[in-house]
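Visitor: Protein chains in written order, with the working numbering: chain X, 1 to 196; chain A, 1 to 579.
Keep in mind the hints are simulated off the structure, nothing from the lab.
Some hints could be false.
[As the list claims (entries may be wrong)] With a Cα cut of at most 25 Å, we get these calculated SDA-like pairs of lysine to any residue:
id : chain 1 : residue 1 : chain 2 : residue 2
1  : A       : Lys547    : X       : Thr98
2  : A       : Lys509    : X       : Gly108
3  : A       : Lys526    : X       : Gly108
4  : A       : Lys547    : A       : Leu570
5  : X       : Lys88     : A       : Ile325
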Amino acid sequence: METKNVMIVGVGGQGTLLTSRVLGAIALTGNYDVKLSEVHGMAQRGGSVVTFVRYGESVAEPIVEEGQADILIAFERLEALRYMHFLKPDGAVIVNDTRIDPMPVVTGAAKYPEGILETLRQGHRVFSIDATAEAQKLGNSRVFNTIILGMAAQHMGFSKEEWLRVIADTVPPKTVELNQMAFLTGYQHTRQTGEE
Amino acid sequence: MLGNAAIAQGAYEAGVKVSAAYPGTPSTEISEYIAKYPEIYAEWSPNEKVAMEVAIGASIAGVRAMASMKLVGVNVASDPLYSIAYAGVNGGLVLVAADDPGIYSSQNEQDTRMVARAAMVPVLEPSDSEEARVFTKLAFQYSETYDTPVIVRTTTRLSHSQGVVHPEERTEIPDKPYVRNIEKNVLMPANARKRHVVVEQRMKQMAEDACAFDINRVEFRDKSIGVITSGIPYQYVREALPDASVLKLGLVHPLPKKLIQEFAAQVDTLYIVEELEPVIEEQVRSWGIPCIGKEIFTVQGEYSANLLRRAILRQEITLETPAQIPQRPPILCPGCPHRSVFSVLKKLKLHGAGDIGCYTLGAVAPLNVLDFNVCMGASISTLHGMEKAKGKEYVQNWVALIGDSTFLHTGVNSLMNMVYNKATGTVLILDNSTTGMTGHQDHAATGKTLQGETTYAINIYHLCKAIGVEYVYEIDAFDIDNLEALLKQETKRDALSVIITKSPCALLKEFVPKGKCIIHADNCKKCGQCLTPGCPAMTKQENGVPKIDAAMCNGCQLCEKRCKFRAIELIPRGKGDKT
Ligand SMILES: Cc1ncc(C[n+]2csc(CCOP(=O)(O)OP(=O)(O)O)c2C)c(N)n1
Ligand code: SF4
Ligand code: SF4
Numbered sequence: 001m002e003t004k005n006v007m008i009v010g011v012g013g014q015g016t017l018l019t020s021r022v023l024g025a026i027a028l029t030g031n032y033d034v035k036l037s038e039v040h041g042m043a044q045r046g047g048s049v050v051t052f053v054r055y056g057e058s059v060a061e062p063i064v065e066e067g068q069a070d071i072l073i074a075f076e077r078l079e080a081l082r083y084m085h086f087l088k089p090d091g092a093v094i095v096n097d098t099r100i101d102p103m104p105v106v107t108g109a110a111k112y113p114e115g116i117l118e119t120l121r122q123g124h125r126v127f128s129i130d131a132t133a134e135a136q137k138l139g140n141s142r143v144f145n146t147i148i149l150g151m152a153a154q155h156m157g158f159s160k161e162e163w164l165r166v167i168a169d170t171v172p173p174k175t176v177e178l179n180q181m182a183f184l185t186g187y188q189h190t191r192q193t194g195e196e
Numbered sequence: 001m002l003g004n005a006a007i008a009q010g011a012y013e014a015g016v017k018v019s020a021a022y023p024g025t026p027s028t029e030i031s032e033y034i035a036k037y038p039e040i041y042a043e044w045s046p047n048e049k050v051a052m053e054v055a056i057g058a059s060i061a062g063v064r065a066m067a068s069m070k071l072v073g074v075n076v077a078s079d080p081l082y083s084i085a086y087a088g089v090n091g092g093l094v095l096v097a098a099d100d101p102g103i104y105s106s107q108n109e110q111d112t113r114m115v116a117r118a119a120m121v122p123v124l125e126p127s128d129s130e131e132a133r134v135f136t137k138l139a140f141q142y143s144e145t146y147d148t149p150v151i152v153r154t155t156t157r158l159s160h161s162q163g164v165v166h167p168e169e170r171t172e173i174p175d176k177p178y179v180r181n182i183e184k185n186v187l188m189p190a191n192a193r194k195r196h197v198v199v200e201q202r203m204k205q206m207a208e209d210a211c212a213f214d215i216n217r218v219e220f221r222d223k224s225i226g227v228i229t230s231g232i233p234y235q236y237v238r239e240a241l242p243d244a245s246v247l248k249l250g251l252v253h254p255l256p257k258k259l260i261q262e263f264a265a266q267v268d269t270l271y272i273v274e275e276l277e278p279v280i281e282e283q284v285r286s287w288g289i290p291c292i293g294k295e296i297f298t299v300q301g302e303y304s305a306n307l308l309r310r311a312i313l314r315q316e317i318t319l320e321t322p323a324q325i326p327q328r329p330p331i332l333c334p335g336c337p338h339r340s341v342f343s344v345l346k347k348l349k350l351h352g353a354g355d356i357g358c359y360t361l362g363a364v365a366p367l368n369v370l371d372f373n374v375c376m377g378a379s380i381s382t383l384h385g386m387e388k389a390k391g392k393e394y395v396q397n398w399v400a401l402i403g404d405s406t407f408l409h410t411g412v413n414s415l416m417n418m419v420y421n422k423a424t425g426t427v428l429i430l431d432n433s434t435t436g437m438t439g440h441q442d443h444a445a446t447g448k449t450l451q452g453e454t455t456y457a458i459n460i461y462h463l464c465k466a467i468g469v470e471y472v473y474e475i476d477a478f479d480i481d482n483l484e485a486l487l488k489q490e491t492k493r494d495a496l497s498v499i500i501t502k503s504p505c506a507l508l509k510e511f512v513p514k515g516k517c518i519i520h521a522d523n524c525k526k527c528g529q530c531l532t533p534g535c536p537a538m539t540k541q542e543n544g545v546p547k548i549d550a551a552m553c554n555g556c557q558l559c560e561k562r563c564k565f566r567a568i569e570l571i572p573r574g575k576g577d578k579t
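Next comes chain A alone, as it looks inside the complex (with noise of 0.2 Å):
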């Protein structure tokens, strides 16, 4: 069973009744997965914020719920997460936290378990399918014995492995009743202070205990060397150092202080190994006991039994040496509606202020349109800054580069502020009906939710202009030719505009292709203008005319589009086509 599936059958099992997340990979599998349960109530949130907020609010209410998010969607839910560890909780609240060593889909390696103890919240971390699937319930139970949201960390190498689990059956687990505290839950700065005692003394409390939790284990053997690890970091430890000492951690917050001082003096080298910061070994290190660390490993990336072997054993590990050869980055797919807005950027020379999704793609050769992106949402505000800073005439050169789903996250407040603050920037929002980058959920604008039922779909046209924005378009991102003029027009006008562009992403079960391009070698110029923007189904022959690869065409006509010479033509799919 995935990783992500596991933690969905614990939360399952611990008759979790709500479950609110926004997708980003590595977490996106778990709500997919938990919407296959008819007994929780499951949705896709606009935003991480809204998640946790709802997950809250079935606590308070009683039941057991769940927020699931990636690293960075920590960072937008963190202002309800560091007051709710104050409030503490009612129904069991959970936390799904999943990290990315590596990063492998993130825009950084931030590690989750430093904002746990910022928040002074518990932090579960299992380190394989079984033990995701038994700490998530486990969590629960720990939320509501000691009154606090617990968080579960994951990490990318955890959630998308696979591993052999025994499910059990769910427990349907009364619903709390509601009481109402205001001591307790109004935050006010009288209440505050005093929550704050509670917390440190419930967080002590737990360490405490945690010295005889079954999911702290040691486990003796040769006690010449002995580490301290936990998470996916335990599996390679396993492999490298079968005959060492292992105190393993499944509570990593707050640590076991003294179970971690006997280990510590019955083993004659203690090593510490942990991915990304050193958050249990500086402890360990402020309690005054001698271990080694990061001095010896690294805080980037993921670890593996070679980086232990050779770092602790100091084994030479000679390997062949990885054949010098083209590298092959992401790009996006045949027929992407983004390709197709990019082309007429790069044609207008535009600057795009970007911001996160399959679209980010377009920052590198060949279209190379996004200058720059920073969290989600953020292009529309790092465009309003810009022309605060250098004024009107400097952003004519700029737009800023949304994708929908982006939009509805975090985009939407950015847009606000631009009409309020009397800006003239061109905003585009690239519609493709879908969160297209984590793998094609659906959102608020796209009328269907998580279960795939069908729900009002929000307009975003109409969203911008009830908020303000005089200057709405909606376009097809295909029609070249009209986005070219719409482009030019709007970048000049001295007032704030939105332009929509709508079509379907290329990927979706929906998306029908109008058939597929193919090339008449006599009429090719070799001109070269049809390979411009990049698609990945088409490559140039030796002899200069282009191919296009029927498999993989998706028949969008940007390259007929951009041939003068009538050189490319759609052969519409005939009845029965599949592929």
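So that you can see chain X by itself, here it is in the shape it has in the complex (with noise of 0.2 Å):
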């Protein structure tokens, strides 16, 4: 198999490590050689962060680089649109919709973007949700990101039954069924952004 390249991006806090980890344990699942590449320290406190998720039968560096991505997972909009370059040309974007101003939009300094998602659509198959909504639907606001993680997971090759044992040995124990119910929301969400 060729090696599958993954991001994840997001805003420092949003918990794109326990996404990553469970990406890392489904593609072990599969017996892959696994590589992982996490952003810790001053990112985290409310910065662009990057997640990089790398499978296949032997895999070299623990980067994904611009141009090489199969699929870009992105907790917020404009973050989407920053890594947007690292797609494959017919990359997959899964995108949660929502928007969370940086300090440069706060203070005025900068403008939010308009129509990121039209933007993201132009070359690439864009599939978007308004994740966090749709948790707090679930009761939780904090699951958004399994949501997004279940959408993700139509695109990686793994059956349903074994995404949904790795999230029960990932996540903290009192949340299994939490995050489950929240995959399985993600997961029944397949229509694509702009395609009626």
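Assembling the complex is the task here: the two chains are given apart, and the hints tell you how they should meet.
Guide: Structure follows, in structure tokens:
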């Protein structure tokens, strides 16, 4: 199998690390070589963060480079746009359709871009959801990332049962059921944005 | 397994009994993983020099010991490091040094291999998690065989990447007997002169032996391109040049000269691929071996496979241009006590002589209160230097800003100096009961050990009093009116004073928000005062009325206090509320 390149991007504190660990664990179930690269430290204080996950027969570098990502998982719209150029031409973007203003926007030094989803759609397959709102419906706004993960799972080729098992093994014990529900919410959301 | 977890695992397998460290990205998790092994005594020390010395003491006593720290931590620990290199070890002694190419979380991009060359200490450099485990273990063996401390050098990319690891059982190493040997262990000039000779010989011997070390590995493929590399860059070489011949160095200091000469002789063009400084390259060149290195590679930042494809293969790689969009720099969290203190400093137009920690983020808009920082502990001493240069009046517009962890790291020495040399400045200790920036580690004033056990908590107030500061105050960081009055009073005072602003970091597990603030749009006069401290939970809507994101708000009430029109109200936390 050709190495699969996945990126998870978001805002520091949104919990990209937990999601990447689930991805790492699922790749191991396929007996693949797996490498994962995370961001700790300063950027975790509300900065732009990116995690790389690569799996395949044999993986050398732990990072995904520009133009090589098969899947871009974005926990926030602006961050999807920031890393869009990492995608392969036919790559898929899974994006949480939510907005978090960075400080330059808050102070008025910069403007939050309009029409991000449309920009992303030029040349890429886009799957978007307001996961934060969906998560609130499930009763806990924090599981939005597992909903996004469920959407991404449709593009990664492991069975639903395997995913649910890996989630059960990875997330805190008390939240297993909630996370599995969140996963399924995302998993069932397969419609591509912009196609009715 | 995370690279840092693999280093911990390697130390565990090597039979390490003592580990000491001070947190610092990207090295922090090593200790956090080591703390999980009951067989190892592990601690947070107040700074890296202490950590190194604790490990040295354990080695002298005959057990395997390790210290770990980030690149700049090595500077703090370099005094004991240079000396112990002369004396050598009893139990195996390893320093894990974590460099940060690309400067993800540091003040600079220094290359620990340069320090190691100056200190004459061998350096091992793993290139993935499995090697991190194996090399760490091996480092203890080399340390004992060659009677030297050994550095395991990692980088951010390795420390924070996960790869497949094959753990092994721990080997219990019997303690070495302690034998008094002052010629070796007491570095008086007469002894040190002799030890210098021993150190030179040992490095020479190791360089020769290194030609046969398994970790220095030749991979012959197509011989038109030969690459000497090590660490994470090895992975980029594999990715970009799968057909090239490679000499992969596991030991990057001292270098296996003969092995390198032989390899160089067999390839047409020799490239040296190393991030940061041309440490390998300069030595190879000094032996008269032609090679290509920093004339085509940068000394800055991280490498990548694409960088090698461009530089070596001269491939044109056309990529989509990144979108021109607003940056997202790191910021203080919602409910951060530092923001509250800074809002007062901003109002009083005070300049901050800064230090290293989350509060460094007070340098940028919208707070703009911190003017400079140097290294840990320097806020207090630089303020002192300013006063001595320009006089008392001059520093009445200034305060030193230092965190609790940083104060105990090296700030307290600087404060002693202020007392001793009759300074009159004002020092603010921003005590949030944790080492925040590096991910919330305990320290000597939190009352908890690395393992979370209860211990004595040093009282910073009494500490300042004990060293002779007459005017010491403790105040809640969110008590902004009293803080303002206190600052006005103390900056004018013709004597040294310390103000400890005490409120827990909003990300601490123990932190319980009082509730959440909401906005009553009817009362809002759209003055924007609540927005000036720059809380990320707040945004200004189109109509000018601010909005508070309920999921992000930590209920600190700073915005509420800044609103003169009672448009903001705290909704106290109900029982059972989680978020
Ligand atoms: C010599 C050295 N060691 C470690 C670090 C890593 N580091 C950066 S900030 C910091 C401490 C921050 O703690 P504190 O002073 O309590 O401030 P907070 O982040 O909690 O606001 C550390 C350990 C460093 N920069 N330099
Ligand atoms: S981690 Fe704590 S100290 Fe650091 S910015 Fe957040 S609240 Fe403030
Ligand atoms: S919105 Fe107000 S109360 Fe909530 S964290 Fe921000 S400043 Fe504090």
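Visitor: Take the hints in turn and mark each one as holding or not.
Guide: Hints, one by one, checked against the model:
Between Lys547/A and Thr98/X, the direct Cα distance comes to roughly 15 Å. Compliance with the 25 Å bound is thereby established for this hinted pair. Taken as a hint, the Lys509/A and Gly108/X pair is broken in the structure, with Cα atoms around 33 Å apart against an allowance of 25 Å. This hinted pair checks out: Lys526/A and Gly108/X have alpha carbons roughly 15 Å apart, not beyond 25 Å. For the hint pairing Lys547/A with Leu570/A, the CA-to-CA distance comes to about 14 Å; that is within 25 Å, so the pair holds.
With a CA separation close to 20 Å, the supplied pair Lys88/X and Ile325/A stays within the 25 Å bound.
The structure fails hint 2 only (numbered hints given earlier).
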